[in-house]
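From first to last, the protein sequence lines stand for chains V and E. So in the UniProt record's numbering, the last spot in the first sequence is 220, and the numbers never skip. So in the UniProt record's numbering, the last spot in the second sequence is 220, and the numbers never skip.
Keep in mind the hints are simulated off the structure, nothing from the lab. If you're wondering where the values come from, they're calculated on a predicted model, not measured in any experiment. Check before you lean on any hint, since a few could be wrong.
To be verified - Calculated lysine to any residue pairs in the SDA-like style (CA-CA distance at most 25 Å, straight line):
#	chain 1	residue 1	chain 2	residue 2
1	E	Lys-78	V	Lys-144
2	V	Lys-78	E	Ser-43
3	E	Lys-37	V	Thr-93
4	E	Lys-142	V	Tyr-79
5	E	Lys-48	V	Phe-164
6	V	Lys-78	E	Lys-142
7	V	Lys-5	E	Thr-13
8	V	Lys-142	E	Thr-13
9	E	Lys-80	V	Ala-185
10	E	Lys-48	V	Thr-93
11	E	Lys-48	V	Lys-5
12	E	Lys-48	V	Gly-53
13	V	Lys-48	E	Lys-5
14	E	Lys-48	V	Ser-155
15	E	Lys-5	V	Lys-5
16	V	Lys-145	E	Lys-144
17	E	Lys-144	V	Gly-53
18	V	Lys-42	E	Ser-155
19	V	Lys-144	E	Lys-144
20	V	Lys-144	E	Ser-43
21	V	Lys-144	E	Val-149
22	V	Lys-145	V	Ala-125
23	E	Lys-145	V	Glu-40
24	E	Lys-142	V	Asn-163
25	V	Lys-144	E	Lys-80
26	E	Lys-142	V	Lys-5
27	E	Lys-78	V	Thr-81
28	V	Lys-78	E	Tyr-159
29	V	Lys-145	E	Ser-43
There are 2 protein chains.
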Amino acid sequence: MAPVKVFGPAMSTNVARVLVCLEEVGVEYELVNIDFKAMEHKSPEHLKRNPFGQMPAFQDGDLLLFESRAVGRYILRKYKTSEANLLREGNLTEAAMVDIGIEVEIHQYYPVISSIVYECLFNPAMYGVPTNQKVVDDSLEKLKKVLEVYEARLSQNTYLAGNFLSFVDLSHFPFTFYFMATPYASLLDKYPHVKAWWDGLAARPSIKKVTAAMVLPLKA
Amino acid sequence: MAPVKVFGPAMSTNVARVLVCLEEVGVEYELVNIDFKAMEHKSPEHLKRNPFGQMPAFQDGDLLLFESRAVGRYILRKYKTSEANLLREGNLTEAAMVDIGIEVEIHQYYPVISSIVYECLFNPAMYGVPTNQKVVDDSLEKLKKVLEVYEARLSQNTYLAGNFLSFVDLSHFPFTFYFMATPYASLLDKYPHVKAWWDGLAARPSIKKVTAAMVLPLKA
Numbered sequence: 001m002a003p004v005k006v007f008g009p010a011m012s013t014n015v016a017r018v019l020v021c022l023e024e025v026g027v028e029y030e031l032v033n034i035d036f037k038a039m040e041h042k043s044p045e046h047l048k049r050n051p052f053g054q055m056p057a058f059q060d061g062d063l064l065l066f067e068s069r070a071v072g073r074y075i076l077r078k079y080k081t082s083e084a085n086l087l088r089e090g091n092l093t094e095a096a097m098v099d100i101g102i103e104v105e106i107h108q109y110y111p112v113i114s115s116i117v118y119e120c121l122f123n124p125a126m127y128g129v130p131t132n133q134k135v136v137d138d139s140l141e142k143l144k145k146v147l148e149v150y151e152a153r154l155s156q157n158t159y160l161a162g163n164f165l166s167f168v169d170l171s172h173f174p175f176t177f178y179f180m181a182t183p184y185a186s187l188l189d190k191y192p193h194v195k196a197w198w199d200g201l202a203a204r205p206s207i208k209k210v211t212a213a214m215v216l217p218l219k220a
Numbered sequence: 001m002a003p004v005k006v007f008g009p010a011m012s013t014n015v016a017r018v019l020v021c022l023e024e025v026g027v028e029y030e031l032v033n034i035d036f037k038a039m040e041h042k043s044p045e046h047l048k049r050n051p052f053g054q055m056p057a058f059q060d061g062d063l064l065l066f067e068s069r070a071v072g073r074y075i076l077r078k079y080k081t082s083e084a085n086l087l088r089e090g091n092l093t094e095a096a097m098v099d100i101g102i103e104v105e106i107h108q109y110y111p112v113i114s115s116i117v118y119e120c121l122f123n124p125a126m127y128g129v130p131t132n133q134k135v136v137d138d139s140l141e142k143l144k145k146v147l148e149v150y151e152a153r154l155s156q157n158t159y160l161a162g163n164f165l166s167f168v169d170l171s172h173f174p175f176t177f178y179f180m181a182t183p184y185a186s187l188l189d190k191y192p193h194v195k196a197w198w199d200g201l202a203a204r205p206s207i208k209k210v211t212a213a214m215v216l217p218l219k220a
């Protein structure tokens, strides 16, 4: 059987979210680069994969999927094993905790941590746009409030959805990884359970493999 | 068995998303009002239900849940019947289409349609803030691009995730309902398949029952 395909540059956080799911369930895949600077994501060929012209896209046989969290769910549902059961759909309470954690990641965590990463890393390195310190400072204040909730949660559970690794933890990894390359990485030291959670995640073979390709591009 | 409880004002779009799921699967519930103006959503009691102090929250016995789309998934998973199977988790492809549709609703549809609804309805009526027409105009342009994709999709399928009603359609309903009360409702006439989809949804007993309580509050 041909391996599944992931379309998008490996350094993209949304692509990384999909790749780490594939690594966790041990599925072979082909990564097909999409050249962002050449606007390849807006090409007719890619628009067939994703009508909004974004990345990643995913192919499994004739099935084309997009939206990284939807693709992640597909992978984790299809290739679920007794060792890797990262959606917990067979358990109503655990599945709800996974769903809550994903919504919190989307609505609370992502908007603030992505602002910091864009301002400190992506904008200067990729677009030659200097860091807007006010955006960084405002986002850091909001991030602290989210981290307080996470600290309380992780002082009672090993992982964000409970005492089991889930899609929630994996979905938080791409922007947390880049955040740890900003000047504000030491913020996590103030939240010891969050720090321990992150250190544990970062040491996973799946994440180490994916992050090896998450290098920031050269300056624009 | 005591009915499940939904905490939040009925006119809230996020509360309405949960209520329509309960109506579709025919589960009795108690709606417990949370007084937004009295800041009851930031009270210690509500923070136990939702550590981010937002609405709705949901209670089923001892289980407390929050985040409307996570609560919706819980309800539709727990009370699934052969007639009401709105997540399709037993079918890999259909479940993926539901997940994609929810992500598109979150990332593409909600940001633009909610801006229009806030500017035209909520801000003037609830906060005495006049409409910012530039925000409305910019959001309308973005909404058109989303509606083009939806029109293409709905010209091939009766519903957004396929030829079956799903959580995706239900999740789109609250802001679409309020959008139809703005001066821009006629925009949908340019997208005949979208218009027919909406008219069909709006005629469902579940949605008619929930929208009966979605009245805009008196002026601040």
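Evaluation of the provided hints:
{"no.": "1", "hint": "E:Lys-78 / V:Lys-144", "result": "35 Å, violated"}
{"no.": "2", "hint": "V:Lys-78 / E:Ser-43", "result": "42 Å, violated"}
{"no.": "3", "hint": "E:Lys-37 / V:Thr-93", "result": "32 Å, violated"}
{"no.": "4", "hint": "E:Lys-142 / V:Tyr-79", "result": "36 Å, violated"}
{"no.": "5", "hint": "E:Lys-48 / V:Phe-164", "result": "22 Å, holds"}
{"no.": "6", "hint": "V:Lys-78 / E:Lys-142", "result": "34 Å, violated"}
{"no.": "7", "hint": "V:Lys-5 / E:Thr-13", "result": "37 Å, violated"}
{"no.": "8", "hint": "V:Lys-142 / E:Thr-13", "result": "24 Å, holds"}
{"no.": "9", "hint": "E:Lys-80 / V:Ala-185", "result": "44 Å, violated"}
{"no.": "10", "hint": "E:Lys-48 / V:Thr-93", "result": "17 Å, holds"}
{"no.": "11", "hint": "E:Lys-48 / V:Lys-5", "result": "43 Å, violated"}
{"no.": "12", "hint": "E:Lys-48 / V:Gly-53", "result": "40 Å, violated"}
{"no.": "13", "hint": "V:Lys-48 / E:Lys-5", "result": "43 Å, violated"}
{"no.": "14", "hint": "E:Lys-48 / V:Ser-155", "result": "16 Å, holds"}
{"no.": "15", "hint": "E:Lys-5 / V:Lys-5", "result": "44 Å, violated"}
{"no.": "16", "hint": "V:Lys-145 / E:Lys-144", "result": "35 Å, violated"}
{"no.": "17", "hint": "E:Lys-144 / V:Gly-53", "result": "15 Å, holds"}
{"no.": "18", "hint": "V:Lys-42 / E:Ser-155", "result": "22 Å, holds"}
{"no.": "19", "hint": "V:Lys-144 / E:Lys-144", "result": "36 Å, violated"}
{"no.": "20", "hint": "V:Lys-144 / E:Ser-43", "result": "20 Å, holds"}
{"no.": "21", "hint": "V:Lys-144 / E:Val-149", "result": "37 Å, violated"}
{"no.": "22", "hint": "V:Lys-145 / V:Ala-125", "result": "28 Å, violated"}
{"no.": "23", "hint": "E:Lys-145 / V:Glu-40", "result": "19 Å, holds"}
{"no.": "24", "hint": "E:Lys-142 / V:Asn-163", "result": "41 Å, violated"}
{"no.": "25", "hint": "V:Lys-144 / E:Lys-80", "result": "38 Å, violated"}
{"no.": "26", "hint": "E:Lys-142 / V:Lys-5", "result": "30 Å, violated"}
{"no.": "27", "hint": "E:Lys-78 / V:Thr-81", "result": "22 Å, holds"}
{"no.": "28", "hint": "V:Lys-78 / E:Tyr-159", "result": "24 Å, holds"}
{"no.": "29", "hint": "V:Lys-145 / E:Ser-43", "result": "16 Å, holds"}
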